[in-house]
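K.L.:
Listed below, chain by chain, are the residues.
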Amino acid sequence: MGTLTRDFHHPPQTAATADVAPAAASARLLRQWTWLRQHLLPWLVPLLLLSSWQLASQTGWLSSRILPEPWAVARAFWSLSVSGELFLHAKTSLWRATSGFLIGGGLGLLLGLLTGTFRVAETLLDTTLQMIRNIPALALIPLVILWFGIDESAKLFLVSVGVFFPVYLNTFHGIRSVDAGLIEMARSYGLSGWSLYRDVILPGALPSILVGVRFALGLVWVLLIVAETISAQAGIGYMTMNAREFLQTDVVLVGILLYALLGKLADVLSRRLETHWLRWHPSYQSRSKR
Amino acid sequence: MNAGIQSLYLARTELMQLKQELDQDAAQEFSGTASPPPAVSKTGTAVRLHGLEKAYQGRAILKSLHLEIDAGEFVVVIGRSGCGKSTLLRLIAGLEQADAGTLEFSAADPAIRVMFQDSRLLPWKSVLDNVALGLDGQTRLAQQALANVALADRAREWPAVLSGGQRQRVALARALVHEPALLLLDEPLGALDALTRIEMQTLIEDLWQERGFTAVLVTHDVQEAIALADRMILIEDGQITLDQRVHLPRPRQRGHAEFAALEDKILARILNRPARAPDADLGDLSLLKTVNQVTWAI
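Going down the list, the sequences are from chains G and H.
Okay, so the first sequence: first residue is 1 according to my numbering, each after it adds one.
Okay, so the second sequence: first residue is 291 according to my numbering, each after it adds one.
It should be emphasised that the hints constitute simulated quantities derived from the structure, not laboratory data.
Do not take every clue at face value.
Here are the simulated DMTMM-like pairs of lysine to aspartate or glutamate, each with C-alpha atoms no more than 20 Å apart in a straight line [what the hints assert, rightly or not]: (1) H/K353 with H/D527; (2) H/K353 with H/E343; (3) H/K415 with G/E274; (4) H/K415 with G/E184; (5) H/K415 with G/D126; (6) G/K91 with G/E152; (7) H/K555 with H/D511; (8) H/K415 with H/D527; (9) H/K353 with H/D511.
Next comes chain G alone, as it looks inside the complex (with noise of 0.2 Å):
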């Protein structure tokens, strides 16, 4: 009670005005703190995580058979760059991951669209697709060296079959889904054919196919490593196998970062498509104005 009614006859003013700096730099203080917390904390976990890696090693307590070194990663990271091997290995391999998607999503997409629109399509073609799908692109790897050799042709043809089936489905599913309310509106202000595809049918399938692209990116680098473990001679995974055989474990572990790293950039790409072509979307407005 005692310290009511202190409070009650202290002078607001004069607490006011001798409290307007202080407060301006703690609100600024509280500031800097959040945009730490927000930027900083994430790293904090790895960061630990890294160090006690470090410390295991250098006391002998974690063999560098079993697991290198962060520093000699770093180091052999660093000492394939300059030798220019890291450069071709990833050049060779970024082009399989491009190529046998374009290959494998186009064809999915191609024939997505086609089954999406025409029932004819459908009929003719969905189950045989239905049936291939359930067959996991890797277990065709032996037939795929005796059809291709061990040839680029194997490791493209495994990537590309992997790839199709998440685009298809989904280009298929996007089509299907499209709001039959927009196409009768479409119809009655007299869009037809190439142009009710292009102002309706196609945007509309669009997020669906999207999801398909992001699926089948993520599948690209599971497929390139096996693929690549097939007798080849440049890429991350022929580089890891390599390092495998000569007990390099800090090589190995420079391949699978650059895996986790090319991985990692597909996504950002693919979300960078979506918020660019789904700018329209509720959903996506809200994250650009966040």
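Please arrange chain H on chain G, whose structure you already have, making use of the hints.
P.N.:
For chain H alone, coordinates are given in the frame of chain G:
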């Protein structure tokens, strides 16, 4: 025999014309010294439905429907839900084919545009591009149409950020930019709040008077029907059971005694109960009316 039928038909059309002229006279009488009816350029098309039938899975929705709509007329079709009024509109629009009967227009290949209950704007096109749909890039016309519905400043936005009423205004602009001879409105204001609805009714009425197209509006709101209709058609059980002309001067005031009396009469007709005797002492009928509307809607 054939000639007899033909002459009968001719006599009938003559009678209809006579009746129409009388009606117009009556309307003018009624409006008295109020503003003269606006000069309407008759760009609308007349519509003639003869023996129209439609069934879904063996269930008859429309049973031999006859209806003649004059050019430039504002016809409002009312009825309980499921009575076939939307089906009638979809048949006129050519969105569906009739099982039997004929559908004729006075104009050759008239431009028919439909406004749906949901605005059906393409979410991936800007407001302006939505209005310009099927215009072959004549964005100036689309811009003009948007200005007519007072949305010119929202042209670059996505439909997703507009309110329901604004979306319907865009849909109206999209329909009118094609200068339709026949505008079909399938409960376009059903999902709007009461105030927006009255605003939209005024907007539709103004644009209709300005352009002179033929309009067919389907609604379940009797008040909306009376506010807009030259002629009200009641459909019950797949047939027209009431064809009522409305001779109130435009713009119509909802508080008007004639308006209230007509609304009561129509509601009573739909609900199959005797109309109340008009009671001047009662003063405000609107509350009772709303209750009636609610019971009907339920």
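K.L.:
Flag every earlier hint the structure violates by its number, smallest first.
P.N.:
5, 8, 9
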